[in-house]
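Protein sequence lines, in the order shown, are assigned to chains A and B. Residue 1 is where the first sequence starts when you use my numbering, and the numbers rise one by one after that. Residue 1 is where the second sequence starts when you use my numbering, and the numbers rise one by one after that.
Just so you know, the hints here were simulated from the structure itself, not pulled from any lab data. Beta carbons are placed, not taken as given, at the ideal position from N, Cα and C, and that holds for glycine. Just to be clear, a hint being listed does not mean it is correct.
Ranges between beta-carbon positions, derived for each pair [as the list claims (entries may be wrong)]:
| no. | chain 1 | residue 1 | chain 2 | residue 2 | range |
| --- | --- | --- | --- | --- | --- |
| 1 | A | Gln20 | B | Gly118 | 27 to 33 angstroms |
| 2 | A | Thr91 | B | Gly41 | 40 to 46 angstroms |
| 3 | A | Ala119 | B | Glu114 | 43 to 49 angstroms |
| 4 | B | Val38 | A | Ala10 | 33 to 39 angstroms |
| 5 | A | Glu113 | B | Arg117 | 32 to 38 angstroms |
| 6 | B | Glu114 | A | Gln88 | 42 to 48 angstroms |
| 7 | A | Thr91 | B | Leu104 | 30 to 36 angstroms |
| 8 | B | Ala87 | A | Leu90 | 21 to 27 angstroms |
| 9 | A | Pro4 | B | Gly41 | 30 to 36 angstroms |
| 10 | A | Glu79 | B | Arg3 | 40 to 46 angstroms |
| 11 | A | Thr91 | B | Ala87 | 21 to 27 angstroms |
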Amino acid sequence: MSAPRELPIATNGDVVVVRQQTRTLAAEIGLSLVDQTKIVTAASELARNALVHAGGGRVVIEVLEGGRRPGLRLVFTDEGPGIPDIEQALTEGWSTAGGLGLGLSGSRRLVDEFDLVSAPGEGTSVTVTKWGR
Amino acid sequence: MQRVPILKLGDILIVSIQIDLDDQSVLALQEDLADMVVSTGARGVIIDITAVEIVDSFIGRMFSTIAAITRMLDAETVVVGMRPAVAITLVELGLSLGGVRTALNLEKGVAMLEHVRGGAG
Chain A
1 MSAPRELPIA
11 TNGDVVVVRQ
21 QTRTLAAEIG
31 LSLVDQTKIV
41 TAASELARNA
51 LVHAGGGRVV
61 IEVLEGGRRP
71 GLRLVFTDEG
81 PGIPDIEQAL
91 TEGWSTAGGL
101 GLGLSGSRRL
111 VDEFDLVSAP
121 GEGTSVTVTK
131 WGR
Chain B
1 MQRVPILKLG
11 DILIVSIQID
21 LDDQSVLALQ
31 EDLADMVVST
41 GARGVIIDIT
51 AVEIVDSFIG
61 RMFSTIAAIT
71 RMLDAETVVV
81 GMRPAVAITL
91 VELGLSLGGV
101 RTALNLEKGV
111 AMLEHVRGGA
121 G
């Protein structure tokens, strides 16, 4: 069982590293190619969110073993301004950074479990999990 | 930041993305392509993403933006070589790449550009 890996998200290059590490672990636990692509894409969206909205953050990537199916869990945290209206932030097309507003709503559709904890002034934490089939 | 090379073949510009795109490289590619379309008078742009493992909303939007920019500069853009897993993920993400022409491979992309120009001319 591999220990959780913590990666910083401070630059555009870090976003690429998060993608690469997620891809490596997703392949290691035997996720299908489509599921690998989905979790890596979600990781890319969420890492960019942390960078753009909070000026950076970090992610902990953890392999979940021991259950019926293996899984990959990513926890993104930042100490940014937080999200005042989570429901609105999860609405497709809602964007505060001039993007497409697909980052949060889109990544939620790409994973099996999605949990968002945030409050104004208290940063944001997004946990996503993808399970093997 | 890594720069993506742009090749010229006749009046077509070919970009084959072989690196893990970071956001700065994506923006640089947009500007480089716009400059090259004007300086070479190219009528078509082919972006080959055969080697691209993921397309997220930022990279996807780049394709739409490049298509719109080159169209204003009298050149059509075709994205070729998308992997099936990338297509599935893009649709689920909610990105339909409206306004972007796609072809399965480079050869079909070139044929598409010839057809488009033949139809217009």
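Hint by hint, here is what the structure shows:
no.	hint	result
1	A/Gln20 / B/Gly118: 27 to 33 angstroms	42 angstroms, violated
2	A/Thr91 / B/Gly41: 40 to 46 angstroms	44 angstroms, holds
3	A/Ala119 / B/Glu114: 43 to 49 angstroms	57 angstroms, violated
4	B/Val38 / A/Ala10: 33 to 39 angstroms	36 angstroms, holds
5	A/Glu113 / B/Arg117: 32 to 38 angstroms	49 angstroms, violated
6	B/Glu114 / A/Gln88: 42 to 48 angstroms	47 angstroms, holds
7	A/Thr91 / B/Leu104: 30 to 36 angstroms	34 angstroms, holds
8	B/Ala87 / A/Leu90: 21 to 27 angstroms	24 angstroms, holds
9	A/Pro4 / B/Gly41: 30 to 36 angstroms	54 angstroms, violated
10	A/Glu79 / B/Arg3: 40 to 46 angstroms	33 angstroms, violated
11	A/Thr91 / B/Ala87: 21 to 27 angstroms	25 angstroms, holds
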